[in-house]
Amino acid sequence: MSLAIDVRGLRFRYGSDPWVLDIPELTLERGARAFLFGPSGSGKTTLLGVLAGVLKPDEGEVRVLDRDLASLSGAQRDAFRAEHIGYVFQMFNLIPYLSVLDNIALPVRMNAARRARLDGAGIKETAALLADHLHIGDLLKKRVTELSVGQQQRVAACRALIGAPEIVVADEPTSSLDFDRREAFLELLFAECESAGATLVFVSHDRTLEGMFSRTISLPDVNKAAL
Amino acid sequence: MLVLDLALKSLRNRAFSTSLTVGSIALSVALLIGVENVRVGMRESFSNTISQTDLIVGAKGGTIQLLLYSVFGMGSPTNNLSWDTYREWAEHPAVEWTIPYGLGDSHRGFRVIGTNEDFYRYYRYRGGQEIALARGRAGSEVFDVTLGADVAAELGYGLGDQVAVTHGIGEVGFLNHDEMPFTVVGIIEKTFTPVDRAVYVTLEGIEAIHFGWEDGAPPMPGEEHTLEEVLAMEEIEITQVTSFFVGATNRRDVLRLQRDVNDYQGEPMMAVIPGLALNEMWQGIGYAETGLRVVTIFVVLVGLLGMLVSLYTSLNERRREMAILRAVGAGPKRIVALLVLESVCLSAAGAIAGLALVYVLLSAGQPIVEAQAGLFIPIRPPGSIELLFLGAVVAAGFLMGFVPALKAYRTALHDGLAVRV
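Chains as they are written, first to last, in our numbering: chain A, 1 to 227; chain B, 1 to 421.
Certain hints may be false.
[Stated by the list, open to error] Per label pair, the in silico range of CB-to-CB distance: (1) A:Y14 / B:L399: 26 to 32 Å; (2) A:E210 / B:K333: 57 to 63 Å; (3) B:F402 / A:S176: 32 to 38 Å; (4) B:F402 / A:S40: 35 to 41 Å.
[To be verified] Non-contacting residues of chain B with respect to chain A, defined by C-beta distances greater than 12 Å in every case (computed): (5) L68; (6) G109; (7) G136; (8) Q283; (9) G383.
These are computed hints drawn from the structure, not numbers from a lab.
The C-beta atom is built at its ideal place from N, Cα and C for all residues, glycine as well.
Hey, can you work out the whole structure from these sequences and the hints?
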């Protein structure tokens with residue numbers, strides 16, 4: 001099976017600051033449910049930025065779905081991210097002035113290739129279906145400011161999943177939820193990733209969730225720049 | 001289209017600051033266009049004060065002075081011309097018509113103009129409009145008086161009222177020609193020119209009240225002419241005029257006619273071409289309007305700077321939003337486009353609201369300005385000047401939008417998906 005992520009000799013820093021990332025090797029097979037953990041300041045969010053093509057690596061190869069992001073231009077990386085990657089933030093995932101539906105539909109409206117992945121299904125219908133799967137089907141018309149934190153994270157998950165991207169990246173999406181809700185949220189996320197065949201990269205500093213994943217990556221172990 | 005949708009929804013979400021920004025731009029744009037309208041109105045009403053008159057002739061003196069006392073009823077004439085000289089020029093083959101003016105008296109602050117029926121026949125203003133009578137008839141008898149619209153309105157005169165004429169020009173003349181009362185026989189329709197603020201009598205009337213004043217002082221006691229004596233006279237001899245308006249038979253002769261008048265040997269006199277003199281005069285006072293325009297342009301810039309400040313300060317609280325947009329695949333250029341578009345929407349909305357405000361204010365204020373300032377500001381569909389202003393405002397908004405947009409661009413590139421606050 002080919003690799004979803006294949007990082008070789010990656011180095012990254014902000015401007016002329018010290019290296020934040022120095023990763024000789026990091027691979028992840030397609031379809032994996034990876035748990036990437038590390039303490040605060042170990043470069044988790046920076047690594048995700050590089051993997052998502054928002055940040056350009058200073059050195060090395062970052063192959064995502066067999067494309068080397070380091071060799072792509074900024075615009076190409078933006079287009080790549082829009083088409084192939086779904087992203088869930090830790091909190092405040094939603095754009096406050098858009099409805100729940102508009103928030104979910106954002107990636108497919110942003111990128112034509114991602115829109116083409118709907119296979120002819122309407123944006124609205126797809127979003128509604130996803131929302132149903134994540135048990136927020138009755139919230140579509142609401143303003144995002146009226147939602148609870150748990151509901152917001154599910155909306156964010158819908159947005160990450162719409163248009164069936166190959167990779168779903170979640171940056172501590174459950175840290176603002178209480179324990180029971182964390183598990184419920186993860187179950188839903190797993191189910192959707194599995195049915196879409198997506199690779200999940202889940203980042204957390206909380207190892208209590210580790211057991212639910214198929215693979216664990218400890219960032220301090222792979223990142224030599226970590227303090 | 002997505003970016004436009006986002007920009008509009010984002011602006012709507014910040015409705016309060018959006019409406020404040022649009023409001024301040026609208027006010028500044030309304031000021032700019034309003035001042036422009038007033039300026040055009042002033043200029044037009046100024047240069048339309050008199051039309052179709054080819055020359056104004058008076059005693060030698062200043063060009064503008066002649067224009068001021070003949071057309072605008074301001075300042076005082078220095079000298080008169082003799083009636084014979086006037087007749088000589090009136091019968092000149094190149095002259096089609098003339099309107100004689102005898103000036104120097106007033107009635108309760110309004111200028112009294114002695115003239116004849118030629119005034120009602122030939123005087124034209126604002127692109128060829130004729131003098132029309134709102135009520136009554138044009139004065140033709142010695143003691144007939146016809147009032148300008150403002151005079152009648154302000155003094156509350158009606159037909160048949162008795163009017164005394166004051167010697168000299170001032171609010172209260174101390175030498176009143178009380179013994180020669182005039183009767184109002186007509187009121188001229190409003191013209192929005194100095195005609196409205198003048199009192200028209202006949203040249204004979206002017207002569208009559210000055211019987212015995214030939215040396216410029218009141219007649220000695222016992223030498224006064226009574227009303228009865230004047231009325232008993234078969235004919236009053238007109239001796240002088242102050243100035244006269246000339247319509248040439250052929251416009252091509254105007255310059256030569258002007259030169260001939262200026263070279264006239266009989267007595268010192270001069271002729272001015274009203275259009276040129278008005279232009280010269282406007283240029284003298286026109287620098288004020290340039291200053292006014294500069295000020296209003298700065299007011300618009302201040303309005304746009306307010307928008308800049310509001311967009312710029314909102315950026316910090318929008319870093320999260322920018323990170324989300326980046327995460328779903330928006331390139332930095334889209335972030336720039338979003339903010340520039342917001343700026344363009346704000347300035348365009350402000351410009352359009354400002355234009356609308358001008359029309360609201362104009363239609364509400366036009367009669368008031370007309371009544372209070374005698375200034376008629378025409379309400380027209382937006383012309384090229386207005387469109388130019390609106391375009392400039394939107395263009396300035398577009399350019400200013402790049403300031404927050406480039407800031408957001410740098411932040412977006414640097415922050416990536418993390419939000420450092």
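Going through the hints against the structure:
For A:Y14 paired with B:L399, a C-beta distance near 31 Å keeps the hint of 26 to 32 Å intact. A:E210 and B:K333 have their C-beta atoms about 40 Å apart, which leaves the hinted 57 to 63 Å range violated. Under the hint 32 to 38 Å, the C-beta atoms of B:F402 and A:S176, about 36 Å apart, fit the expected range. Between B:F402 and A:S40 the beta carbons are some 36 Å apart, a value that agrees with the proposed interval 35 to 41 Å.
Listed as a non-interface residue, B:L68 keeps its Cβ farther than 12 Å from every Cβ of chain A; the least gap is roughly 62 Å. For B:G109, the requirement that its beta carbon stay farther than 12 Å from each beta carbon of chain A is met, with the minimum near 63 Å. The beta carbon of B:G136 is kept farther than 12 Å from every beta carbon of chain A, the shortest such distance being approximately 69 Å. Residue placement check: B:Q283 keeps its beta carbon more than 12 Å from all beta carbons of chain A (closest about 54 Å).
With a least CB separation of 38 Å from chain A, B:G383 remains clear of the 12 Å interface cut-off, as annotated.
The structure does not agree with numbered hint 2 stated previously, though it agrees with all others.
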